[in-house]
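Participant: In the order they appear, the protein sequences are chains A and B.
The first sequence maps to residues -5 to 210 in the numbering used here.
The second sequence maps to residues 2 to 240 in the numbering used here.
Just so you know, the hints here were simulated from the structure itself, not pulled from any lab data.
Glycine included, each C-beta is placed from N, C-alpha and C at the ideal position.
Incorrect hints may have been included.
Pairwise CB distance ranges, derived in the manner of DEER restraints [to be verified]:
no., chain 1, residue 1, chain 2, residue 2, range
1, A, E42, B, I194, 35 to 43 Å
2, A, A105, B, E3, 36 to 44 Å
3, A, N53, B, Y132, 53 to 61 Å
4, B, E3, A, A14, 53 to 61 Å
5, A, K72, B, P77, 42 to 50 Å
6, B, L78, A, S140, 21 to 29 Å
7, B, E3, A, F137, 37 to 45 Å
8, A, A105, B, E214, 42 to 50 Å
9, A, G92, B, E3, 49 to 57 Å
10, A, P152, B, E73, 36 to 44 Å
11, A, A46, B, Q118, 40 to 48 Å
12, B, E3, A, A179, 41 to 49 Å
Computed cross-link-like contacts, DSSO-like style, restricted to lysine-lysine with a CA-CA straight-line distance of at most 27 Å [unchecked claim]:
no., chain 1, residue 1, chain 2, residue 2
13, B, K102, A, K93
14, B, K121, B, K89
15, B, K121, A, K72
16, B, K63, B, K102
Residue-level listing of the chains:
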Amino acid sequence: MVEKLAFIGDIHGDSVRLSALLGNIDSRRLVFLGDYVDHGPNSPEVVEILMAAASRNNNPVFLFGNHEVALLAFLSGKLSFLEYAWMGGLSTIRSYVGKANDDVRSELAAAIPASHREFLSSCKPFFETDQLVASHAGINPAFPESREFEGIVLGRHPSIFDSDIKLNKLVICGHYLQTTLRPFAENGVYCLNTGCGTIEGPATALLYPEMTFLQA
Amino acid sequence: MEAVRPPFKALLLYGSHARGDAQETSDIDILQVTPTHTEPYAVGRMNITCYTLDQLLRLARKGGLFVRHLVEEALPLADPHNVLGALKSAYVHPLDYHAVKREVYGCGPLLDVAGPQFKKNADGLSSLVSYLIRTYLYATAFDRRAKSFSMAHVLDLLGQQRANNILSNVRSQRSLAAFEAARAFFEELTGTICQRKEGSLEAFIVNASAHNELAVILGLRLLAGGRPFTYDALLDVEF
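Use the sequences and the hints to build the structure in full.
Facilitator: Dropping the structure here:
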């Protein structure tokens, strides 16, 4: 019997829409596609909600998005303030730190709870079954078997949206902003980044195996 | 036209040459509508500013001063897709420029630099103070029913002719003295003090991001120094 799943697209600090969406999903296993933080108003609350879901839900899966990687890289000094700000990190810094005074990186490191850091660090790069592969950035159609972190979390593969694409598994991803605010669903490719936290779009879930969508 | 680096969707002439009040020393201002983000560049006396159509349409819907400038005064040099017409249709005239002025004087702390810091980014800081003064003057003048973007007309209307020398000096000299004179004029004009309460530019940017998008964009540009970073980059940041 196929396990029932709910895949959840980019959240980007919009805790209100995340809560509303989770409230509409039955007790099936949750697979989050990454990008929980940055841009939107309340990244700390989003992380709290996800951590609470981790304790309640049946073994949920939290995948990395490039924004989780960026936040951790900024904290560890691998990403500059300018680069992180450019990616939308200012709202995350502000929502953790409150009023910044001087050394923003140290202030964020002091303000972010250890549990949040551990949660973000423990995300997985991808989730895969015989029928599907889910990752933040999808897969590179030129190397469909590759599961390298740089490709499936940090990469960019717009050719998965080509009309003549043929893949041997369903691909479920976030990352690529759907400005229509509707999920993309063609040729076995599903993209659930419908602008939550960035362009005031909804948070989107894909119910599997029904292949129906929920939005909030 | 040969000086323009392709590709482009449209080329629009704006500024004094489009209005017909150019002087011998006036620069030639050209907008190049590009398919993707492109850095502005200069060729001789031509300043070529690059925007994508999406960016311009977004600014038009927000009633931005730059798009107003284009809509009211630009002349098409090459516009096969009628970009200028699309901007005119999309442009929403703001009720007033109070919000613009608030954002501009909220940028004052960006100018809180001492001599050694100024030398590290003399070009960036000189351009910044000039941009803030000009924007504030335009916003104030259009709230008083200015008729054009001619700086001479704006200064006449506001009785601020001495801004001419101040802007001209800061632009041509790029010196600390010219910068400080311009900053003092900005403080007088806006009734604010250019003092940053935070210990770093980064901390100021974080706090400003709660309410002042312009301060964020200009602050990040200052931080970038000579490295490529443009207003457009932040507007169309990839999510």
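Participant: Indicate, hint by hint, whether the structure satisfies it.
Facilitator: Comparing the hints with the structure gives:
1. The given range of 35 to 43 Å is respected by E42(A) and I194(B), whose C-beta atoms sit roughly 40 Å from each other.
2. The given range of 36 to 44 Å is broken by A105(A) and E3(B), whose C-beta atoms sit roughly 55 Å from each other.
3. The beta-carbon spacing between N53(A) and Y132(B), approximately 54 Å, falls within the hinted interval of 53 to 61 Å.
4. Checked against the hint of 53 to 61 Å, the pair E3(B) and A14(A) passes, with Cβ atoms roughly 57 Å apart.
5. Between K72(A) and P77(B) the CB atoms are about 47 Å apart, so this pair conforms to the stated range of 42 to 50 Å.
6. Separated by about 48 Å at the C-beta atoms, L78(B) and S140(A) break the suggested range of 21 to 29 Å.
7. Take E3(B) and F137(A): their Cβ atoms lie about 43 Å apart, and the range 37 to 45 Å holds.
8. The hint said 42 to 50 Å for the Cβ distance between A105(A) and E214(B), and at roughly 24 Å that hint is violated.
9. Separated by about 55 Å at the C-beta atoms, G92(A) and E3(B) satisfy the suggested range of 49 to 57 Å.
10. For P152(A) paired with E73(B), a C-beta distance near 38 Å keeps the hint of 36 to 44 Å intact.
11. About 46 Å separates the C-beta atoms of A46(A) and Q118(B), a value consistent with the hinted range of 40 to 48 Å.
12. Taking the beta carbon of each, E3(B) and A179(A) are about 48 Å apart, inside 41 to 49 Å as hinted.
13. Among the hinted pairs, K102(B) with K93(A) is consistent with the structure: their alpha-carbon atoms are about 24 Å apart, no more than 27 Å.
14. Of the supplied pair hints, the one linking K121(B) and K89(B) is violated, its CA atoms being roughly 41 Å apart against a limit of 27 Å.
15. With a C-alpha separation of about 24 Å, the suggested pair K121(B) and K72(A) falls inside the 27 Å cut-off, and the hint holds.
16. Restraint check: the Cα-Cα separation between K63(B) and K102(B) comes to about 15 Å, which is no more than 27 Å; the hinted pair holds.
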